[in-house]
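Q: Sequence:
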Amino acid sequence: MENIGLPSESVRHSRTIERIVAGQATSDGAGVKLTRVLNQSLQHRLDPFLMLDAFGSDDPGDYIAGFPDHPHRGFETITYMISGKMRHRDSAGHEGLLESGGVQWMTAGRGVIHSEIPEQEKGVMEGFQLWLNLLSQDKMAPPWYRDFSAADLPRFVTQEGVVVTVIAGESHGVTGAVTRESTNPLYLDLQLPEGTHFKQQLPADNNAFLYAYRGTLEIVGTHVPVQRMAILENSPETDGVDIKALTNTRLLLIAGRPLHETIVQYGPFVMNTREEILQAFEDMKEGRLV
1 MENIGLPSES VRHSRTIERI VAGQATSDGA GVKLTRVLNQ SLQHRLDPFL
51 MLDAFGSDDP GDYIAGFPDH PHRGFETITY MISGKMRHRD SAGHEGLLES
101 GGVQWMTAGR GVIHSEIPEQ EKGVMEGFQL WLNLLSQDKM APPWYRDFSA
151 ADLPRFVTQE GVVVTVIAGE SHGVTGAVTR ESTNPLYLDL QLPEGTHFKQ
201 QLPADNNAFL YAYRGTLEIV GTHVPVQRMA ILENSPETDG VDIKALTNTR
251 LLLIAGRPLH ETIVQYGPFV MNTREEILQA FEDMKEGRLV
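At the far end of the sequence shown sits residue 290, using the UniProt record's numbering, and the numbering has no gaps.
Just so you know, these hints were derived from the structure itself, not from any lab.
This structure is a prediction, so every number in the text was calculated from the model and none was measured.
Check each hint, because a few of them may be wrong.
Label-pair restraints from in silico Cβ distances [claimed, not checked]:
| id | residue 1 | residue 2 | range |
| --- | --- | --- | --- |
| 1 | R12 | G123 | 43 to 49 Å |
| 2 | G93 | V220 | 22 to 28 Å |
| 3 | K85 | Q24 | 25 to 31 Å |
| 4 | S83 | T222 | 27 to 33 Å |
| 5 | Q24 | N234 | 21 to 27 Å |
| 6 | R274 | N39 | 28 to 34 Å |
| 7 | Q137 | S27 | 41 to 47 Å |
| 8 | E95 | V157 | 30 to 36 Å |
| 9 | S235 | F281 | 36 to 42 Å |
| 10 | N234 | F281 | 15 to 21 Å |
| 11 | R274 | S182 | 22 to 28 Å |
| 12 | N234 | E119 | 36 to 42 Å |
| 13 | P7 | P203 | 19 to 25 Å |
Cross-link-like lysine to any residue pairs, in silico, SDA-like; alpha carbons within 20 Å at most [what the hints assert, rightly or not]:
| id | residue 1 | residue 2 |
| --- | --- | --- |
| 14 | K122 | V32 |
| 15 | K244 | G215 |
| 16 | K244 | F156 |
| 17 | K122 | D58 |
| 18 | K285 | A92 |
| 19 | K33 | A92 |
| 20 | K33 | I4 |
| 21 | K285 | K122 |
| 22 | K85 | G109 |
| 23 | K85 | G61 |
| 24 | K33 | K85 |
| 25 | K33 | G56 |
| 26 | K244 | S115 |
| 27 | K85 | Q120 |
| 28 | K122 | E99 |
| 29 | K122 | L97 |
| 30 | K244 | K33 |
| 31 | K33 | V21 |
| 32 | K122 | A65 |
Glycine residues also receive a C-beta, built at the ideal position from the N, C-alpha and C atoms.
Between the sequences and the hints, there should be enough to build the whole structure, so can you do that?
A: Set out below in structure tokens:
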């Protein structure tokens, strides 16, 4: 933990909540049960973010089969493990073990085929996968990834006792594990004791949302129940967000600069045109994806 007792950032005009969204129960991979918090219907509203999945169960039948070999092209995936172990392998020969509190940040770029398989037979498996779009000029970049253990992620504690893990971006002068110039992503995991506030500055033109996965909170008098996403309104008069915990609360706060580009998604491929999607399938068929 890098810093303890940091004063809260100054936020004069907090964003309010535009709407509260309940995720959709679904399954993916080889039948892994999950909640799709951010789906395709919200991609333009929450540009540059394409998807957020939350998974969590202590029943191995819900997760044990994992996500066998599957392709991606045209975006980045950020996998954050709250609890459990996930072994990942890819077509470039990379392999690693993602453990509790760790993050894998992967740029699929022009293409990668990878698998994510739980390396446990019992206990709780809980975490999130976020999809972050790439600029059209970066969609065919070489694939890249990096694993971060829990100890690798910058953390700090505010004067009110809020524990902050900075996965991406910057908060209270602490720079996260990853930064991106084009999308300027902010990705925070916040632990708020009951009754405390957390204030975060946000550029007025960035899209932002939060997901409460423990406890309940409020923003400018609007309550956010547990396991709900709150989309924060965009207003030029605001300079950030002021979050108050109504109970002991854990949440993700995510924001980024919109790309304002055409989004064409078909399954694991996210490009700018239908022709590029058809090319991705052709490249996969012919073994050119990797």
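Q: Tell me the numbers of any earlier hints that the structure contravenes, in ascending order.
A: When the structure is compared with the hints, numbers 2, 6, 7, 10, 19, 20, 21, 22, 26 and 30 turn out to be violated.
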